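Starting from the structure of chain A, add chain B where the hints point.
Heads up: the protein sequence lines correspond to chains A and B, in order.
Sequential numbering of the first sequence, starting at 1, is according to my numbering.
Sequential numbering of the second sequence, starting at 1, is according to my numbering.
Heads up, some of the hints might be wrong.
To be verified - Okay, derived cross-link-like pairs now, DSBU-like style, lysine-lysine, Cα gap no bigger than 30 angstroms in a straight line:
{"hint": "1", "chain 1": "A", "residue 1": "K3", "chain 2": "A", "residue 2": "K70"}
{"hint": "2", "chain 1": "A", "residue 1": "K71", "chain 2": "A", "residue 2": "K13"}
{"hint": "3", "chain 1": "A", "residue 1": "K57", "chain 2": "B", "residue 2": "K49"}
{"hint": "4", "chain 1": "B", "residue 1": "K49", "chain 2": "A", "residue 2": "K3"}
{"hint": "5", "chain 1": "A", "residue 1": "K55", "chain 2": "A", "residue 2": "K70"}
{"hint": "6", "chain 1": "B", "residue 1": "K69", "chain 2": "B", "residue 2": "K58"}
{"hint": "7", "chain 1": "A", "residue 1": "K18", "chain 2": "A", "residue 2": "K70"}
{"hint": "8", "chain 1": "A", "residue 1": "K18", "chain 2": "A", "residue 2": "K53"}
{"hint": "9", "chain 1": "A", "residue 1": "K55", "chain 2": "A", "residue 2": "K18"}
{"hint": "10", "chain 1": "B", "residue 1": "K58", "chain 2": "A", "residue 2": "K3"}
{"hint": "11", "chain 1": "A", "residue 1": "K3", "chain 2": "A", "residue 2": "K71"}
{"hint": "12", "chain 1": "A", "residue 1": "K3", "chain 2": "A", "residue 2": "K53"}
{"hint": "13", "chain 1": "B", "residue 1": "K49", "chain 2": "A", "residue 2": "K71"}
{"hint": "14", "chain 1": "A", "residue 1": "K71", "chain 2": "A", "residue 2": "K55"}
{"hint": "15", "chain 1": "A", "residue 1": "K55", "chain 2": "B", "residue 2": "K49"}
Hints in this document: simulated from the structure, not taken from any laboratory.
The structure displayed is predicted, hence computed values, not measured ones.
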Amino acid sequence: DVKVTQSSRYLVKRTGEKVFLECVQDMDHENMFWYRQDPGLGLRLIYFSYDVKMKEKGDIPEGYSVSREKKERFSLILESASTNQTSMYLCASSTPGGQEAEQYFGPGTRLTVT
Amino acid sequence: AQSVTQLGSHVSVSEGALVLLRCNYSSSVPPYLFWYVQYPNQGLQLLLKYTTGATLVKGINGFEAEFKKSETSFHLTKPSAHMSDAAEYFCAVKSAGRRALTFGSGTRLQVQP
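Looking at chain A on its own, in the form it has when it is part of the complex:
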């Protein structure tokens, strides 16, 4: 079974702090994704990576950056956390495959910024 793990289930940070969210997958997938989930908005893509050190902006990249130094690990970074970044963050991975390749999701990190 594909396993995608996220470093924390719950996180509370203060405004202005630098925040790291870590994601690890064990299936040697090339593609990794970070989504943000908010009520009534579904999931929105922040960033994705299609190879080590390769990344592309998603639909809402402002205020975020990412790092992928190893194939299995994809980190989301909030350089200076703000209250409007309070949300559920979901990591996913997939094979390059074709367009039909499904994404496998981690359990999510619920981040609260106070």
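Coordinates of chain B only, in the frame set by chain A:
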């Protein structure tokens, strides 16, 4: 840009009743279509997907969905709801040239005893 519309943010059914969750998409070319389920405090799990071929797709837990190109719809159904089906359901699309999924806003299903 492609988009996904899920009608009804909350749907409530009685145990044993038909489940119908609606999804419409906008895409200039036939996309690949997915339904995911999210149980409380968990990540998303794939229920089923449509790629090519048969338009009626069967998934896990007795769910199925039908791709109707003329209606740009991909509605999710289950003949008889079970209490364990209570969750949030997301429809998603992926079209050529885009690596990531575009999600609908989700539908929370409640199952009443």
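Tested hints:
no. : hint          : result
1   : K3/A / K70/A  : holds, 16 angstroms
2   : K71/A / K13/A : holds, 28 angstroms
3   : K57/A / K49/B : holds, 25 angstroms
4   : K49/B / K3/A  : holds, 20 angstroms
5   : K55/A / K70/A : holds, 13 angstroms
6   : K69/B / K58/B : holds, 17 angstroms
7   : K18/A / K70/A : holds, 21 angstroms
8   : K18/A / K53/A : holds, 21 angstroms
9   : K55/A / K18/A : holds, 20 angstroms
10  : K58/B / K3/A  : holds, 24 angstroms
11  : K3/A / K71/A  : holds, 14 angstroms
12  : K3/A / K53/A  : holds, 22 angstroms
13  : K49/B / K71/A : holds, 26 angstroms
14  : K71/A / K55/A : holds, 12 angstroms
15  : K55/A / K49/B : holds, 26 angstroms
Violated hints: none; the structure is consistent with every hint.
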